[in-house]
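Read off the chains here:
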Amino acid sequence: MALGVFLWSMTFQFPILDDSHPGPSLFPRVLGTLFIVFGAMVVYSGWKSRGLKEATNPDGEQIPLNYFNPILVIILIAVFIALANKLGFIITGVAILFILMMKLRVSLLKRSIVSIALVCFVYLIFSKLLRVPLPMGLLGW
Amino acid sequence: MDFLIQGLGLLLVPKTLLVICICSLYGLFVGSIPGLSATLAASLLIPFTFFMDPVPALVSIVTMSAMAIFAGDIPAALVRIPGTPSSAAYTQDSFALTQQGKAEMVLGVDVVFSAIGGLMGAVVLMSSAPLLAEVAMKFSSFEYFWLASLGLSATVMVSRGSQVKGALAMCLGLFLSTIGVDITLGYPRFTFGSVELLNGISFIPAMIGVFGISEVMRNVMQGEMHFAVTRVQAGKIFQGTWKLFVRYKWNVLRSGILGTFIGILPGAGADIAAWLAYAVSKRGSKEPEKYGNGSIEAIIDSGTANNSCLAGDWVPALVFGIPGDSITAIVIGVLFMKGLRPGPMIFEQQPQIIYAVYLSFIVANLLMIPFGYLAVKTSSQMLRVPKNILIPGILMFAITGAFAINNSVFDIGVLGMMGIVGYFMEANGYPVAPIVLGLVLGPILEQNFMTSMIKSDWNLTLFFMRPISAILGTITVIVWLFPFLATFLEKTKNNSQGH
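Residue numbers (my numbering), protein chains in the order written: chain R, 1 to 141; chain F, 1 to 499.
Among the hints, a few may not be true.
[Said to hold, decoys possible] Here are the computed distance ranges between Cβ atoms for each label pair: (1) R/S107 to F/Q349: 51 to 59 Å; (2) R/K103 to F/K243: 46 to 54 Å; (3) R/T33 to F/K286: 22 to 30 Å.
[As the list claims (entries may be wrong)] With a straight-line cut-off of 30 Å between C-alpha atoms, the simulated DSS-like cross-links for lysine-lysine are: (4) F/K387 to R/K110; (5) F/K249 to R/K110; (6) R/K103 to F/K387; (7) R/K128 to F/K377; (8) F/K455 to F/K493.
What the hints contain is simulated information worked out from the structure, not anything from laboratory work. C-beta atoms are modelled at their ideal positions from N, C-alpha and C, and glycine is treated no differently.
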């Protein structure tokens, strides 16, 4: 539902965009219309089944879900983007793996070994085998 | 015949054979781990294919997906969780038989009939693709526009859950494809002044994000899963398989054809083939009461269908450049990356590549017997791989792979964004496959529409004037109207019942 509303708000930007060219604006306009139509249908069906869902929601045997971890994954990707060029691929990679595995309760020794080994493995494959210029950062010489 | 030998020559190079073996093991591993799908495996494979020659690149996806779809059957039988969505249809039956002490029989059937299904699909691919390519030679922008529309519509039609949500997901994919410089006038659209966005959203990071990062996010949310794995005596798995084959040979033939046909339909993948084959099998069975409680017939039918579907999926991808499912959407991305434009011309210009792909299907499915045996033998170890180490590893590969395509951290941003989008969409019951198809087909759709319009001086009727175009157009319109027709028919039926 939240996504439906989000898409809706996006569609309002569509039709007013680059109206001087009939060519480039045609396709986005058609899409904008489709977004509005389908968005409305989702909102309508969501509104219709609102009462229904509350009644049939089985809370019983759900596994406790950790909602922080997915956010952490995104934060770590953002950290990687921010630091990879400065610190280099290896240091940043080891750091984010170390933090993620800490959250996933891997023991200290295991996560130290695994994060270093894994990053070196990935580095060797991409940098040496596939010749991707991965940023070296602090380890560069 | 010459091309067949040339294709064989391309395939039997040590490097390509090595790729086949590695990708087989990779596919078996990812497929047999619940929660990791064949599409994820394919999306993580693309950065590697980027650096390969066309033949090993395509062959790697063929072998990997064939193995992964089979390997999805292993956890279905042993721990009642399908390894990939394609095994979901008969998970209940597989596990019920395992509980009856017949795990070996189930796994043997899984290996052998997956391979047979795959081979049947390969035969259909080899015989139908060149014929269709000849028809496709006559296609112009009008026909391609309709084909792309048909592909997108079919994706929405078969999307699980709500079709409206499928349609919204498709629109999102189409919208993402409009980002960047416009094809008719070179006008930058939705770039918000960003230089990186001028070239559009890179397809590969977007794919890895939607399938890879969202799965990583989902997996870290669940914590560690512990399975009680049934021990299997791998030596016994092929006992009695031949008897079953003789007994159910017509089922195999039917499901193989059905699966391939579903594959050829643009937009419908192996999971749908398995469900449909299951339904057809139950209807034609002498023992329908067994379905859901351990029917080997159900497993034979759906297991054959999902693997035969894989080869079918390649038909529209190679012939028209219209993906048959999300894995072939990736294939089309790879073909473009390799400078090969999928479509009928490829059959004329580089037939040896096409033949190498055909042959790789046969090789992959023959290899499935020994490799499948190996996978069953090591299954209890594979299912014990700790996810809290595996998932961070996937994250690392995803990030590095996204970076490697353009050597740009911007693509890692695309990866993260698409991961968030994929995650929230799945969490709210939106299918994600239509996004990918929208992203791949969007430019094809728009370009062919615009070319047609400019060619015909904005005369819309021309879309229905050419014979093939008219047929395709009519089918597409029927597909669009189908949901409304279905609702209407149901209402009239209910009304007449009420009276």
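Going through the hints against the structure:
1. In this structure the hint that R/S107 and F/Q349 lie 51 to 59 Å apart at CB holds, the actual value being about 56 Å.
2. Judged by the Cβ atoms, the range 46 to 54 Å given for R/K103 and F/K243 holds: they are separated by roughly 51 Å.
3. Range check, R/T33 to F/K286: Cβ separation about 52 Å, and the 22 to 30 Å hint is violated.
4. Restraint check for F/K387 and R/K110: satisfied, since their Cα atoms lie roughly 13 Å apart, inside the 30 Å limit.
5. Taking the CA atoms of F/K249 and R/K110, the gap is near 51 Å; set against the 30 Å cutoff, the hint is violated.
6. Between R/K103 and F/K387 the alpha-carbon distance is near 13 Å, which keeps this suggested pair within the 30 Å criterion.
7. Distance restraint check for R/K128 and F/K377: the Cα-Cα separation of roughly 34 Å exceeds the 30 Å cut-off, and the hinted pair is therefore not satisfied.
8. Of the pairs offered as hints, the one joining F/K455 and F/K493 is violated, with about 46 Å between alpha carbons and a cut-off of 30 Å exceeded.
The earlier numbered hints that this structure contradicts are 3, 5, 7, 8.
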